[in-house]
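Student: What follows is the residue order along each chain.
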Amino acid sequence: MSLRRLLGFDTHKEKYAYGNDPDHGYTAAAKIPDRWVPTTCGYCSVGCGMQIGVREGRAVAVRGDERHPVNLGKLCPKGLSEHYSISAASRARRPLLRSPKGHLAPVGWDEAIGIMVEQFRKVQAERGPSALGVVSTGQLVTEEFYALGKLVQLGLGTNTYDGNTTLCMASAVAGYKRSFGSDGPPGAYEDFERADVVFLIGANIADNHPILCHRLERNPRKTVVVADPRVSKTARMADLYLPLKPRSDIALLNGMAHILIRAGLIDLDFVEAHTSGFEALKRHLEKYTPERVASVTGLGEEQVYRAALTYGRAKAPLLAWTMGVNHSTKGTETVNAINNLALLTGNIGRAGASPFSITGQCNAMGTREAGFTASMPGYRKFESAADRQELARLWNIDAGRVPRARGRAYPDIVEACVQGEVRALWVIATNPLVSFPNVDVLRQGFDNLDFLVVQDGFHPTPTTEIADLVLPAAVWGEKEGTYTNSERRVSKVNKAVEPPGEARPDFDIFMAVAEQLGVRDELYPGWTGPEDAFEEWRRVSAGRLCDYSGLSYELLERHQGVQWPFGPKAAKAVNGSRPPTSRLYEDGQFQTGDGRAVLFAVEWEPYPEQPTKKYPYVLNTGRTVEHWHTRTKTREVEILERMSPSAWLEMNPRDARSLGLKPHDRVTVESPRDQIEDLELRITEIVAPGQVFMPFHYEEKNSNRLTQSAFDPISREPNYKQAAVRVVRSGPRTAR
Amino acid sequence: MSIAAAPGQLAGNPFTILGAAAPSRAERGLEGASPLIPDIPLEDGQQYRFHFDMSKCVGCKCCEVACAEQNNNPAHVSWRRVGEVEGGVYPHTQRLHLSMGCNHCLDPSCMTGCPTRAYTKDTRTGIVLHDADACIGCEYCIWNCPYSVPAFNDERGVVGKCDMCHGRLAEGDAPACVDACPSEALAIEIVDVDQWRSEYRDEANAPGLPSADDTISTTRVTLPEVMPALPEQTDHHRVRPAKPHYSLVLMTVLTQLSISGFASAWLLKLFGGTAAVPAAVVTLALGLAAFAASPLHLGRPALAPLAIRNLRSSWLSREILGLSAFGVAASVYAAMLVADLPGIETVGAVASGIGMFAMYATSRIYLVPGRPSWNSAHTVAEFFLTGAMLGPLLLGALGAMPADLLHSSAACAAIGNILVEIWRFLHFVRSEDHERKATARLLSGPLARLFLLRLGLVAAGAVALPVRGLPVAGFALAAAGALLGRYLFFVSVVPKNMALPFLERRAAA
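Line order of the protein sequences matches chains A and B. The first sequence begins at 1 in this note's numbering and counts up by one. The second sequence begins at 1001 in this note's numbering and counts up by one.
There may be inaccurate statements among the hints.
Said to hold, decoys possible - A partial selection of chain A residues facing chain B, derived with a Cβ cut-off under 8 Å: (1) Pro210; (2) Val598; (3) Arg623; (4) Pro645; (5) Glu670.
What the hints assert, rightly or not - Simulated coverage check for chain A against chain B, where a stretch passes if three residues somewhere in it have a Cβ under 8 Å from a Cβ of chain B: (6) 26-32; (7) 636-644.
Claimed, not checked - On the chain B side, residues computed to face chain A include the following (Cβ under 7 Å): (8) Arg1028; (9) Gly1032; (10) Ser1055; (11) Val1065; (12) Gly1088; (13) Thr1093; (14) Gly1167; (15) Arg1168; (16) Leu1296; (17) Pro1305; (18) Phe1502.
For the record, the hints were derived by calculation from the structure and aren't laboratory data. All C-beta atoms, glycine included, are put in the ideal place defined by N, C-alpha and C.
With these hints in hand, go ahead and build the complete structure from the sequences.
Tutor: Given below as structure tokens:
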């Protein structure tokens, strides 16, 4: 501190001066940039339009874009401080290679890529092509996903390829595919404003997607129903709150369908014209009497009736969900039960009426559409010969090179690492050592690997720390491309500043790997940047449900994002004006062989790890508004980190009394797998007796040391919730 | 709300904005004024206020982040905070959130207490404005505000607080927090001042907020239709010791010692005692040293002289004037004493009187509604008794006579002091106030040993040792006890505050 400051003559007046921003009015002068760069937020898949303020090559401010149709100028606290994540001290700046002595040391890019390809080829030569695995993400731009898919499946020739999207959206994807014949959320955010009933199940939008609360706030005639075992911030917004028991949602949804069928509150014309499987479903639902449903869900029969009738009598109800549904061994089937309700009542393809999956990551949708993991690009099916041939033709390659089946899903890649079947792994923009359930198993699998490459914008993270090779990537704000949000809106992402040190856009890294493999000209003919990928992806998606062919970067910039499907016809129709909101299945024609949606008879089952005498509490996991995923970005944003600096455990006062615990006591939570010590105890009526809750963002107190290796058999999504645990006071020796 | 008035005509623009002239909202491609601020100009007798709708707030903290960005504040300086209140039994649980900046009170205690008149209440808008240039960083406004709104910025050495984004309002833009709120829980309204003065109780009070009676907050709070029966602030189980303010510990104890020692010396001389000259000089020197050191606790020590600008309403200004005047009068007395001039008794009486006033002014500084454990007669009694104990003890230690008289009066003061402390503690244990109860919890919990030590030191130093012929050791122990007591006085205070979140804010590990 200077003497002038110590004496009080210097108060840093300039730093704290105000001025007038030409676009945003009176504000701190330090936040007035040289230029504003329009872009799309890089946190969640709400996909808010925003601007990054750049001053002397640094991102100094962000602003919500008032003209953007998604967020109308609003941003959540993470978005409002996103510029700080770019300049974080923990950014990865140079490629790092593990030396023979065991520590990570800087290497040049050429050497890094050379060693990487050499190691990959060696493993594949010794153990077969699929002994190389790739775990990708929902964080890249679509152009990068598209390029990466080709690189992995065609260039590296392995289908041991999946993304961390399997940890969050896989059940929604699988559920949509089963019910409607294709992935693709049918609704739009406008439905939050236009629905007369908004039914949220397992979705805490107030913490996880706050900008959707803004859209909901604009709806003057809504009735909000929230089903959640925890009295979340969202539950407090409900007109009808359904505090159901953990994982009893299928029983509730089936019970609602049962009541609606009996009460004649279904749209029989729609059911007959556009669905199959009704009779079987009807018979199946007979046993889901309100009485039984009440006993399974812990709700009163009257509440089950009210839930059913509120939904059934609505003219245009929105049924939206997130992780409460997806993070489950029954996730896919729960999505089917949700879709059933929408189909039975004909509430799909209309303004307000939709079964709507609110996605997690900023571009989970992009990888679903273009990524070549669970599907082939353009929602094409591995098992369809016609789809394979079409792709081969578009890519000008032999159809035999297109894989005939999806490779291992994420949990199966981890299992194959444990078994020694996968020997080399390339992890891109994800942090599995924090995010994967029962993480000790994953750690064991990764320890088995001959070579682990981690490509990330940040270092150290728990995952980069154990890598053999760390590739430093550019992050949001440093590269160009597109994100697609939950409502299928494709929005432009732009570069505002240069990446730090030697970090490169993921796109460039993929091109360098292709170059080294000798496949660049074949797979990416004439490509120089992301727009080339976008142009090819447009052609590849043409005529598909997720049709991008009428889009262009220019159009996306002009309208702050456009929803797919958007073919040449749509492009012509809008003729320069902003395209209207679109919904899928407006004509009742689905993507199944016969054009009919499928009604699935799905069964409620108890969750796999029931509480026992030794582990009497059910552990629920979730998020807090200040943090994003494994906190690699948000822990670097001081204002967010200060607001929520550490994990806590929520417990009902009745349970706390019986354990003799007081608020702020430090407790140890133990599951059959592992334990977490020194958690701050929050005693609260937010959680029911017998249940406890903790946030999953914190590597230091990682809830995934407690969670189970239990996966949805269809989607392979983990059952992050409902682990059986016990809670004891942390001993003085265990407290840190 | 319709948009009638042209932006910028809203309330006229009474503010000076640095740099380029503001482009109008129309020039920025926006239609009319923000719908979240009033569309009509203020009339006489009206002011702006915040409206907060508790039923809409989802606790997302967008307002906090937007505020920090608007004002370029570092992450640990919050001009707007979001807190939590919880009540009900599962599943009928309610967690309510509270978002508060400055309440732009009708009777702003930050302003009345501010010694430098850094605060003004804008005559046109009613916004309570703070001038960083005039601020010396004494933090007295933080003590005075029952909502703990003003925030000290250690980088600058001054406090700062929410100014309702006056520069934005003037241009027809909503304040940053209002603009950022995705739930439309915040808005700016116009309030009729006289009407509000008689009606504020219903709408300015809310669970998680201190009583609006202290300062008449203008923030109007809309509560949810159904409220939990016994809403509890989720931060109430977390009580932490406050800042120790070491320089104030030293300064208050030493000035009390000095004034009382001086007055005792004067009385001794008056009634024929001995050793008045060294006593007067030593006590004067101690007092002057303490007074000279006192600016060290300021964020801007060199600007300390500005602190006498608000004699009209600030006890801090009065204290400083009082101590200065005491210093002058006591110096004159000391000089006359050394030179053996006539009329010295009168000067001594005047100096002692001024000293007593200064000591009283010091104690009055702490009688603020925002700090309940300070805000009682105990504080005044404790300050005077500390002086009454230490002054004679010092004289005794310096060899002044008659020692018996000095020692017995010090012992009486010490016993009084101990009784006051115990009485105060018991009073707080039984108090209904969260803050006073919490002070008692601190004194009987993490601070219990220090509290007992403090009482023991005073008893030993002022009662037991002097009569056993150990006046110097006695004085040392008693002074240590007094300093420890003053330390506890500062760290055991639990300020009034709005509800805060369950998790304590802290920097990344």
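Student: Would you mind marking each hint as holding or not holding in the structure?
Tutor: Quick rundown of the hints versus the structure:
Interface restraint check for Pro210/A: the shortest CB-CB distance to chain B comes to about 4 Å, inside 8 Å, so the restraint holds. Because the closest C-beta pair between Val598/A and chain B is about 35 Å apart, greater than 8 Å, the hint is violated. Below 8 Å, beta-carbon pairs count as interface contacts, and Arg623/A has none with chain B, the closest being about 12 Å; its hint is therefore violated. For Pro645/A, the suggested interface contact is upheld, since its CB lies about 5 Å from the closest CB of chain B, less than 8 Å.
With a cut of 8 Å, the hint placing Glu670/A at the interface with chain B is violated, because the nearest CB-to-CB distance is about 23 Å. Proximity of the stretch 26-32 of chain A to chain B, defined as three or more residues with a beta carbon under 8 Å from a beta carbon of that chain, is established by the 6 residues found. Coverage of the stretch 636-644 of chain A by chain B holds. Counting CB-CB distances below 8 Å, 7 residues qualify, and the rule asks for three or more. Of the supplied interface hints, the one on Arg1028/B holds, with its beta-carbon coming within about 6 Å of a beta-carbon of chain A, less than 7 Å.
Taken as an interface hint, Gly1032/B does not check out: its beta carbon lies about 13 Å from the nearest beta carbon of chain A, beyond 7 Å. Taken as an interface hint, Ser1055/B does not check out: its beta carbon lies about 9 Å from the nearest beta carbon of chain A, beyond 7 Å. Because the closest C-beta pair between Val1065/B and chain A is about 4 Å apart, less than 7 Å, the hint holds. Hint status for Gly1088/B: holds, given a least beta-carbon distance of 6 Å to chain A, under 7 Å.
For the restraint placing Thr1093/B at the interface with chain A, the shortest Cβ-Cβ distance is roughly 4 Å, inside the 7 Å limit, so the hint holds. Hint status for Gly1167/B: holds, given a least beta-carbon distance of 4 Å to chain A, under 7 Å. A distance limit of 7 Å between C-beta atoms decides the matter here; for Arg1168/B the minimum to chain A is near 5 Å, and the interface restraint holds. Among the interface hints, the one on Leu1296/B is violated; its C-beta lies about 10 Å from the nearest C-beta in chain A, farther than the 7 Å criterion.
Taking 7 Å as the C-beta cut-off, the interface hint given for Pro1305/B is violated, the closest approach to chain A being about 11 Å. Interface hint at Phe1502/B: satisfied, since its Cβ lies 5 Å from the closest Cβ of chain A, which is below the 7 Å cut-off.
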